[in-house]
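**Q** Can you build the whole structure from these sequences, using the hints too?
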Amino acid sequence: MRELEIRDGGERMIPDLHHEAVIYAEHIVRYLFAARFVKGKRVLDVASGVGYGADLLRSAGATEVVALDRSAEAVGYGKRRHSEFRPTYVLGDGESLPLQSGQFDVVVSFETIEHVADYQRLLAEVKRALRRDGLFIVSTPNRGVYPEGNPFHTKEFTSTSLRRLWPDISDMCGLSPKVIG
Numbered sequence: 001m002r003e004l005e006i007r008d009g010g011e012r013m014i015p016d017l018h019h020e021a022v023i024y025a026e027h028i029v030r031y032l033f034a035a036r037f038v039k040g041k042r043v044l045d046v047a048s049g050v051g052y053g054a055d056l057l058r059s060a061g062a063t064e065v066v067a068l069d070r071s072a073e074a075v076g077y078g079k080r081r082h083s084e085f086r087p088t089y090v091l092g093d094g095e096s097l098p099l100q101s102g103q104f105d106v107v108v109s110f111e112t113i114e115h116v117a118d119y120q121r122l123l124a125e126v127k128r129a130l131r132r133d134g135l136f137i138v139s140t141p142n143r144g145v146y147p148e149g150n151p152f153h154t155k156e157f158t159s160t161s162l163r164r165l166w167p168d169i170s171d172m173c174g175l176s177p178k179v180i181g
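Residue numbers 1 to 181, in our numbering, belong to the letters of the sequence shown in order.
Treat the hints as calculated values from the structure; they're not laboratory data. Hints are not guaranteed to be accurate.
Below, a list of computed lysine-lysine pairs in the DSBU-like style, where the Cα atoms sit at most 35 angstroms apart [to be verified]: (1) Lys127 - Lys41; (2) Lys79 - Lys39; (3) Lys79 - Lys41.
Listed next, with one range per pair, are the computed distances between beta-carbon atoms [unchecked claim]: (4) Phe37 - Ser96: 23 to 33 angstroms; (5) Gln120 - Arg80: 27 to 37 angstroms; (6) Phe37 - Pro98: 34 to 44 angstroms.
Computed from a prediction, not measured in an experiment: that's the story for all the values here. Cβ coordinates follow ideal geometry from the N, Cα and C atoms, glycine included.
**A** Structural data, given as structure tokens:
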């Protein structure tokens, strides 16, 4: 078996390591859901991790996918292992996107908002990066379901507290608020 070329720090889903685990299914299904909305669109994947999802979104017909992550290790791994459909990998932080305003039709951010120091800044940056009629697809663990105390999380949301963010998100994105699940 060849060496994996990336460390498992305990919070990142790495398909080569977690393919048989529930975490793999949980993460892949989010991207499969988002894939229904990306055909012919320019897409930003904020906190893309190792890039498996960005490659999947590109394979679903997105005209462009930018996979942004603040980990140089994850970005490098994605370039080497998840580039079959040629997403563009960018080193950067979701709270200060190194990208132009109004550049994307769709922004996805899965299991990210609970990790950032300033989630309102993340939302403002998503708003800036999205076109006026853009779509923002976001997920976070439900504090009411998942055990508390994850050391990687700075703010955990319940379904109710996440729904309270939706008016702000929908105002930013020009969308009607919709929460699934």
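**Q** Evaluate each hint against the coordinates.
**A** Comparing the hints with the structure gives:
1. Taken as a hint, the Lys127 and Lys41 pair is honoured in the structure, with Cα atoms around 16 angstroms apart against an allowance of 35 angstroms.
2. A distance of roughly 22 angstroms separates the Cα atoms of Lys79 and Lys39; the hinted pair therefore holds under the 35 angstroms criterion.
3. Under the criterion of a C-alpha separation no larger than 35 angstroms, the hint pairing Lys79 with Lys41 is consistent with the structure, at around 21 angstroms.
4. Against the hinted window of 23 to 33 angstroms, the Cβ-Cβ separation of Phe37 and Ser96 comes to about 26 angstroms, which satisfies the hint.
5. At roughly 34 angstroms, the beta-carbon separation of Gln120 and Arg80 lies within the given 27 to 37 angstroms, and the hint holds.
6. Between Phe37 and Pro98 the CB atoms are about 24 angstroms apart, so this pair departs from the stated range of 34 to 44 angstroms.
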